[in-house]
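Engineer: Those protein sequence lines, which keep their order, are chains A and B.
Quick note: the first sequence uses our numbering, first residue 487, plus one each step.
Quick note: the second sequence uses our numbering, first residue 258, plus one each step.
The set of hints was computed from the structure by calculation and includes no laboratory data.
Source: prediction; values computed, not measured.
Cβ atoms here follow ideal geometry from the backbone N, Cα and C, with glycine treated the same way.
Some hints here could point you the wrong way.
Under the rule of at most 25 Å between Cα atoms (straight-line distance), these lysine-lysine pairs were calculated in the DSS-like manner [unchecked claim]:
#, chain 1, residue 1, chain 2, residue 2
1, B, K770, B, K812
2, B, K786, B, K770
3, B, K671, B, K681
4, A, K585, B, K639
5, A, K562, A, K585
6, A, K581, B, K786
A short list of chain B residues far from chain A (calculated; beta carbon distances all over 12 Å) [to be verified]:
#, residue
7, L339
8, L378
9, W485
10, V501
11, L576
12, Y586
13, A620
14, P774
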Amino acid sequence: MKRLVALLLATLLVAPALAVEPSEMLPDPALEGRAREIGRELRCVVCQNQSIDDSAAEVARDMRRAVRERLSAGDKDEQVFAYMVARYGDYVLLKPPFKAGTWALWLGGPLVLLVAGGALLIAARRRKLPVAPAPLSEEEQRRLAALLDR
Amino acid sequence: MIPELGHFALILALAVALVQGTLPLLGAARGDDRLMALGRTAALTQALLVIVAFGALTQAYVTSDFSVANVVANSHSAKPLLYKISGVWGNHEGSMLLWALILALFGAAVAIFGAGLPDTLRSRVLAIQALIGVGFLAFLLFTSNPFERVSPPPLDGNGLNPLLQDPGLAFHPPLLYLGYVGFSVTYAFGIAALLEGRVDAAWARWVRPWTLAAWCFLTLGIALGSWWAYYILGWGGFWFWDPVENASLMPWLAGTALLHSAIVVEKRDALKSWTVLLAILAFSLSLLGTFLVRSGVLTSVHAFAQDPARGMFILAFLLLVTGGGLALYAWRAPQLQGGGLFQPVSREGALILNNLLLCTLAATVLLGTLYPLFLDLLTGNKVSVGPPFFNATFVPICAPLFAALCVGPLLNWKRAELWPALMKLRLAFIVSIVAAIVAATAIDSRATLAAVAFGFGVWLIAGSLAGFVERVWNGRLRTLPRSFIGMTIAHAALGVVVLGSVGTAAWNTELIKTMKPGDTAAFAGFDVKLDRIENLQGPNYIAERATLSLSVDGKPYTVLTPERRLFTVQRRQVAETSIHTNLLRDIYATLGEGGAEGGWVIRLYYNPLAPWIWLGAALCALGGFVSLSDRRLRIGAPSRTRVLTQPAE
């Protein structure tokens with residue numbers, strides 16, 4: 487039985503491993519640290535909402551290697567991002583750049599805050615300054631006097 | 258036979274729901290007592306019928322009745338009993354049946370506990386609840402029938418997704434749905450109030466316990482989901498800003514806002530129409546969450562188009578509920594005249610700020626979740642909105658919210674002075690500044706933002722306790738209302754969650770290493786030794802298990818046994834993490850790929866304060882439950898005469 491289990495494990499356990507592998511890691515811890523940081527900001531292009539740092543997919547592994555190759559070649563972080571964008575498009579960035587197609591995405595939240603907050607402030611200010619009631623007209627004064635006399 | 262009974266009960270439930278959704282409404286409009294009384298009976302009958310249907314499906318799962326297509330697709334005879342039962346809601350059809358069940362149970366609860374409600378309000382609430390039920394029951398019967406048979410029945414089933422075979426996830430959907438569906442009661446109360454044209458303190462007292470209960474369950478559901486993700490996905494994260502997570506966060510944020518604005522309606526008779534709007538929005542966001550998760554639209558906009566029946570149905574239903582609710586609101590809300598006036602600096606003002614910020618947060622999440630879908634649909638352009646985006650947009654808005662959170666409860670109603678409230682918080686302020694400085698210098702000098710966030714976490718705890726301590730100091734512990742104690746717990750618990758998140762996200766350390774049996778490594782002050790790797794056989798999986806012993810200075814500390822499980826039926830591999838916790842930090846181990854020649858990939862994470870995330874969330878829900886037990890909500894609400902004479906506090 488044990489042998490059978492071992493055999494099954496050996497043949498069936500070909501499923502991908504988790505995320506970053508020791509074999510991929512760069513020997514320089516500082517450089518590897520940068521690679522990890524960058525990896526968290528890049529999307530695995532075949533996964534659903536996973537960064538390449540988290541993903542077990544084959545493509546993610548290739549992308550992680552590409553990032554490390556660029557870093558080893560002396561690229562700055564921005565250059566690595568630019569390289570990945572050139573290959574995969576803006577889609578690869580988990581934090582989309584601020585441009586024509588995404589301004590609504592970036593500004594939507596702050597806009598809600600500004601508009602709603604502004605409206606509230608204006609409403610509060612209006613309430614603070616109540617309009618003094620109009621003085622009584624002569625006709626009203628006369629009626630008031632008549633009522634009081636009665 | 259039994260599945261047919263379940264199917265039949267479901268059809269009957271739809272018929273009853275149709276009656277319940279129409280006649281009492283008519284009765285309320287005409288003042289016909291008999292038609293209104295029907296609502297109560299119908300609600301109880303409907304609940305009973307859906308219970309029968311749910312029981313029938315559960316029976317099919319427990320007995321592994323493979324003549325039912327749903328059981329074939331999602332169960333297996335070798336599965337442990339717990340997962341046979343949780344398999345009932347671990348799939349599309351079953352989870353929708355659970356939705357309908359909880360909805361019907363909430364309807365029955367309103368019928369039972371709502372005896373003290375005005376007749377017209379109760380019948381209208383029950384009718385609106387039933388109309389929501391009609392939507393879900395029709396959805397089940399026409400697009401997602403869980404009782405469909407297969408012929409000939411196969412010998413065994415396909416089994417449940419192994420990731421779902423976990424105690425955490427077994428109870429995650431029911432809790433989440435208790436939250437989602439709980440907001441349906443609030444929605445029904447909101448719509449009924451619009452129909453009645455009246456919102457008063459009595460209404461708010463009725464709405465608040467339902468909102469509070471729904472909110473507590475949703476909090477627990479989200480926390481359980483996050484905990485599950487933490488220990489099952491195998492890389493130590495706890496919140497991924499995944500659309501599925503966002504789908505549950507949005508109604509939570511709106512529900513939290515509702516919880517607070519309802520207080521203003523109850524105590525000060527103000528913010529009425531805004532509170533009704535929030536009630537509509539909170540449930541709409543719950544439905545949106547269900548739509549996002551259930552229609553497949555998240556996988557891709559095109560997957561949605563390929564199986565349009567289900568997606569279109571939920572989308573139409575969503576538009577009807579949201580659009581109908583908002584249209585009615587636009588028409589009737591102007592009639593809801595606000596009462597109590599107040600200055601900007603006051604308890605009311607603070608609660609408005611709370612609402613403003615929470616709604617901004619909800620809008621941010623909504624935008625980030627839907628933007629990629631709309632952009633793809635409208636222009637065909639693809640854009641990724643991931644954790645870095647949310648960290649950049651969501652987190653900054655939390656700062657003013659957290660800063661104001663401790664001040665608000667110390668302000669008086671109507672008109673308050675800011676300075677005395679701030680003076681009461683001076684000690685909490687000093688403590689949190691010191692905490693931030695300690696974090697920035699002693700723990701991690703590079704992570705400045707983490708240190709600031711840590712300071713905020715301490716501020717939330719110390720600041721929330723300040724008001725509590727002051728009252729206890731004045732000898733008022735015995736007379737403290739439960740709602741005040743609950744609030745203190747919940748607010749401080751938020752701080753605990755913040756501390757846990759900062760610790761885990763910013764100060765964690767990890768070790769990823771290829772090891773062979775006998776190898777050692779140094780990690781976070783421990784000496785780690787891989788003792789052995791062995792094969793073992795579970796009930797429906799086979800596994801490789803690593804035994805890692807951790808020691809400090811030669812003294813054995815603990816043993817971690819991460820596994821890699823292969824579920825034989827699905828041929829899917831799942832990492833079973835092994836976690837050692839002392840409630841201050843987790844040591845987290847997973848076993849990766851490997852073999853006897855090359856060694857195995859071992860991952861170790863040291864996550865400071867990680868358990869506090871879920872401990873804090875549980876405390877938060879506890880605070881809600883404590884508040885729910887307040888006398889005011891149990892006794893004060895039903896009598897109308899008291900409401901008329903109620904003085905403004």
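Engineer: Starting from the hint list further up, note which numbers the structure goes against and sort them upward.
Structural biologist: 6, 10, 13
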